[in-house]
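*Asks:* One-letter residues, chain by chain:
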Amino acid sequence: MKFSVTVTLKKDVLDPQGKVVENTLMNMGMKDLRNIRQGKYFQIEVDENDQSLAEKKIDLMCKKLLVNLIIEDYKINKI
Amino acid sequence: MKFSVTVTLKKDVLDPQGKVVENTLMNMGMKDLRNIRQGKYFQIEVDENDQSLAEKKIDLMCKKLLVNLIIEDYKINKI
Amino acid sequence: MKITNKIIEKHGLKLEEYENIKRLLQREPNLLELGIFSAMWNEHCSYKSSRLHLKKLPTKGKQVIQGPGENAGVIDIGDDDAIIFKIESHNHPSYIEPYQGAATGVGGILRDVFTMGARPIALLNSIHFGSPDHPKTKSLLNGVVSGIGGYGNCIGIPTVAGETKFNATYNENILVNAMAVGHANKNKIFYSKAKGVNKSVVYVGSKTGRDGIHGASMASAEFDENSDEKKPTVQVGDPFTEKLLLEACLELMKDNSIISIQDMGAAGLTSSSVEMASKGGLGMELELDKVPCREENMTPYEMMLSESQERMLIILDDGKENSAKKIFEKWDLDFVIIGKTTNTKNLTLKFNNKIEGEIPINALASKAPVYDREWVKKKPTKEKINLKDLKKIKIEDALVKILSSPNHSNKSWITNQYDQSVMCDTIQKSGSDAAIIRIHNKDKAIAVSVDSSANYCKSNPILGGKQIVCENWRNLITVGAKPLAITNCLNFGNPENKEVMGEFTECLDGIKEACEFLNYPVVSGNVSFYNGTNKKNIFPTPVIGGVGLIKKLFKPLGHSFKKDKSKLILIGKTFGHLEQSCFLKENYSINKGMPPEINLLNEKNNGENLLKLIDKNLILSSHDVSNGGLLVTVSEMIFNSNYGAKLHKPKKLTSLCEYFFGEDQARYVVEIDENNYSKAEKILKDNNIYYEMIGNTQKDYLEIDGELKISTKDLFKVNNKWYNNY
Amino acid sequence: MRSSVIVFPGSNCDRDIAVALEKMQFKNQMVWHKETKLPKSDLIVLPGGFSYGDYLRSGAIAGKSLIIDEVIKEANAGCLILGICNGFQILTETGLLKGTLLRNKNLKFINKDVHVKVINNETKFSNKYKKNQILNINIAHNEGNYFTNSKHLDQLKKDNLIAFKYCNEDGKINESTNPNGSLESIAGIYNSKKNILGMMPHPERMVEEIVSNKDGINLFSSLLS
Ligand SMILES: Nc1ncnc2c1ncn2[C@@H]1O[C@H](COP(=O)(O)OP(=O)(O)O)[C@@H](O)[C@H]1O
Ligand SMILES: [Mg+2]
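Chains B, H, F and Y supply the protein sequences, listed in that same order.
First residue of the first sequence? That's 18 in the working numbering, and the numbers climb one at a time after it.
First residue of the second sequence? That's 18 in the working numbering, and the numbers climb one at a time after it.
First residue of the third sequence? That's 2 in the working numbering, and the numbers climb one at a time after it.
First residue of the fourth sequence? That's 264 in the working numbering, and the numbers climb one at a time after it.
Don't take each hint at face value.
Derived pair list, reagent style DSBU-like, types lysine-lysine, alpha-carbon separation capped at 30 angstroms [claimed, not checked]:
no. : chain 1 : residue 1 : chain 2 : residue 2
1   : F       : Lys402    : F       : Lys710
2   : F       : Lys714    : F       : Lys564
3   : H       : Lys95     : B       : Lys95
4   : H       : Lys28     : B       : Lys19
5   : B       : Lys36     : H       : Lys57
6   : B       : Lys81     : Y       : Lys297
7   : Y       : Lys414    : B       : Lys92
8   : F       : Lys280    : F       : Lys194
9   : Y       : Lys371    : B       : Lys28
10  : F       : Lys208    : B       : Lys19
Rather than coming from a laboratory, the hints here were simulated on the basis of the structure.
Starting from the given sequences, assemble the full structure and let the hints guide the process.
*Replies:* Written out as structure tokens, the structure reads:
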């Protein structure tokens with residue numbers, strides 16, 4: 018089973034990368050841009066056919082390694 | 018309007034980061050993990066109410082800055 | 002599959018070359034074999050256009066342990082220490098994907114050095130971009146600089162020197178040359194020559210993917226509208242894995258397990274296996290099913306031609322397999338015996354127990370084509386510039402214009418992105434004429450510098466060739482090092498064009514002459530042809546990387562002024578040569594005439610005697626006079642110091658611009674403490690060295706009697722603006 | 264004094280710190296990350312570099328290595344722990360120090376000598392420095408932009424847990440003297456028991472006049488006193 022995980026910085030955490038990207042895009046003339054935040058994306062495939070079990074496993078990976086829970090939020094989706 | 022953009026390495030391009038993350042998770046005992054690839058994720062908000070116009074704008078941002086078309090693929094989704 | 006003309010062409014082979022292949026094989030090759038021929042016979046691997054000419058370079062000397070022909074050159078720096086170094090180009094990949102192109106360039110040259118048993122101790126680079134106004138330049142610059150930094154910083158080897166140039170000639174074809182310098186025990190150097198039959202051939206490092214297939218043939222073709230098609234071949238660098246590979250190889254090299262070792266660079270598994278076998282006069286049999294692969298269903302063709310990075314091929318002595326494997330396992334790297342040496346003198350490729358290809362090694366190596374390509378001599382130009390015909394310009398304005406130009410601006414925007422201090426042996430960082438790296442745990446050091454002068458080489462390749470060697474030599478001298486040997490990266494256009502081939506031939510003549518005279522042999526190098534697009538070739542751009550020895554370490558001089566009221570002398574004669582100068586280029590956009598003359602005798606005497614002054618501790622700071630002339634040199638000595646300078650007007654020359662901006666060679670500006678002045682003078686006089694007292698240091702201002710007064714702060718500001726605003 | 268330097272795959276300042284420690288007469292040992300036992304040590308150092316290539320998040324993967332459990336145990340038992348650069352990042356990833364190190368505000372790797380001010384000179388690591396002494400130290404990092412929540416920041420200030428701050432040569436601290444965007448110009452912090460120090464600048468690079476200067480020496484001599 019295949020899942021995607023998106024990891025984003027929590028709202029109150031400064032996002033230097035997103036800021037620079039935003040400014041650069043603005044300077045390139047993209048005036049309608051209101052806001053951009055950058056995060057990480059994972060595509061994970063696991064040998065597990067039970068969706069809820071699989072999700073639990075992915076969740077464990079997030080908590081144990083993929084996500085720094087102090088500064089990041091995450092979301093798991095089946096793909 | 019708000020969109021998400023996920024950027025992933027093209028299929029045959031080496032993903033050293035994903036490989037190390039995969040090995041680490043395996044070593045941590047996640048044996049069902051079959052494969053993991055790492056990419057980037059953006060949340061983008063634009064001042065534009067017409068979805069197809071908005072998507073065009075996002076697409077331009079991807080092509081011009083966010084994505085390295087030589088080694089990366091991307092996908093835009095409305096959120 | 003039937004080999005059609007189209008397939009042959011796609012492999013970058015000429016039809017007559019294909020006929021030759023058939024003759025050597027006495028049959029038609031299959032696709033795998035054709036691919037292997039194309040990889041070995043392209044310009045990048047076979048040096049088919051350059052080989053004849055490279056032979057004339059001086060490669061010998063007391064200091065040389067290993068000249069060209071191995072992965073890198075090796076020189077002796079006394080005691081048991083050897084320095085191993087080489088420069089290499091990664092121009093085409095860097096234009097397609099600047100970050101990865103530059104990064105993998107650094108990774109590749111590092112492997113060349115540590116395969117020979119050296120721990121890399123310094124990285125250098127020479128990078129050339131198109132005009133700053135060109136729409137691609139900025140992102141190429143950004144990508145290349147962060148790629149060089151990304152790789153070097155991560156692997157933990159300091160990037161200590163380099164050069165960055167802008168010139169419209171590189172608009173469609175940038176140059177990215179990377180140089181690596183390593184240190185080894187001179188009794189523990191590893192070579193690529195295979196020895197003995199039935200020895201294990203071991204694959205170590207990263208897995209093989211589909212990246213870079215046909216990279217070497219790409220580097221051997223011009224760009225055209227269809228270059229985009231070749232894009233998916235981009236290789237991604239993995240400095241982390243390289244660090245592991247480096248440590249694992251050095252660990253294995255501590256004992257006597259290795260018979261020979263070779264990195265998989267351009268043309269990957271093909272060139273490494275063929276070179277090892279060819280040097281040893283042996284054959285090699287590979288079982289391709291054993292090659293560690295990253296992707297599913299990889300074919301023998303793909304495995305043999307992949308340019309995946311961070312891989313090595315090792316021939317192990319009998320019975321050493323298990324202990325070697327343990328080391329690589331400790332570092333989490335693949336270690337697989339994929340074949341053995343044979344006495345067949347063939348490259349034999351098996352896949353699923355079937356022979357998929359079999360080629361005589363000599364057909365791939367010694368029988369590869371060699372071309373004596375047609376070339377024409379460059380006519381020396383008679384163009385002269387008469388200053389009187391030009392609009393008058395104030396010295397101050399001319400100076401500011403030069404110092405604020407992209408080519409002369411302060412490079413700290415770049416060098417601050419490189420870790421220059423890791424390993425704690427960087428005695429002198431970027432920003433001076435040469436970097437100084439201490440030999441770990443010892444009281445001696447080496448100095449390193451890279452230099453090029455494309456404008457001079459374009460105008461007159463012989464003089465240009467000589468000049469770059471001399472400039473490089475001078476850059477080592479000014480930091481107190483005795484120049485020992487060089488490596489060179491020859492970046493040229495299409496060799497099938499006779500003008501380009503002429504530039505190549507004549508540049509080499511110049512390099513040869515200077516190297517011979519200065520006892521400054523060439524121990525390694527790289528040729529990069531086909532730099533250009535659609536018949537527009539780049540200016541000839543040979544790059545020289547030099548290494549010198551500082552026998553007894555001292556606090557580096559640097560080129561910034563040290564004291565108030567010290568004396569400034571100019572060693573070497575000033576004639577006021579302005580043709581091909583920065584002064585004319587930056588102020589009048591004039592790019593005409595001959596480069597300055599080179600007098601090798603003066604070069605040698607002036608340099609060697611400056612070295613004496615430095616050895617006797619009579620010098621506070623010194624800087625060679627190069628691009629921009631005397632006034633630019635003095636300005637550079639002011640930056641980063643707390644002092645300015647007061648200069649006299651010349652007595653003889655009529656034109657101040659000629660005096661202050663002329664680019665005559667073999668000159669140095671030297672700062673001497675008043676108390677040492679007579680001692681220094683005596684040495685120079687005793688040795689018949691021409692010198693002039695040109696002024697003294699002072700506080701706060703750069704000044705020329707009655708002509709110019711500019712505060713050192715302003716000068717510094719002018720020099721620092723460009724990159725930050727770009 | 265006995266010290267241990269932990270070596271992770273991708274560490275590259277491990278030799279540098281070992282040389283500095285030995286120069287200062289520490290009895291030093293290198294400890295490979297796959298070990299499960301630490302030699303008896305008074306000081307454990309997590310060196311700079313790019314452990315695991317800085318992949319995922321700098322320090323994240325090293326923070327899961329086998330030896331780290333031992334380091335945490337020792338830390339909790341009061342052993343002195345010094346994390347430099349990547350070592351600091353590893354300390355925040357393991358939770359031994361709070362907060363995190365984000366990308367530099369200009370998104371570029373920064374290597375230069377910067378000035379830092381000694382904020383707390385009363386710890387095991389800093390007692391040989393004068394209060395507010397200004398040091399000139401090399402930094403070399405991509406992610407040195409320290410960030411923490413306001414509650415923790417208050418605690419850092421209240422309990423005097425800020426070790427160093429970036430400043431200029433006169434000791435002024437403001438936006439322009441902050442190389443990487445770090446919160447309040449923080450360059451190094453202690454845990455609440457002050458037995459753990461994490462810092463971005465590289466003291467081990469500043470122990471020899473001929474290479475740089477000796478501004479890092481007092482950190483090591485503090486530990487010895
Ligand atoms: N790409 C680069 N990487 C590292 N150092 C660089 C780079 N470009 C320029 N430098 C450094 O900037 C300084 C000035 O360069 P340059 O003007 O070419 O010096 P020179 O004329 O003495 O050869 C040198 O110390 C050089 O090492
Ligand atoms: Mg110079």
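*Asks:* Run the structure past the numbered hints and jot down the numbers of the failing ones, going up.
*Replies:* none
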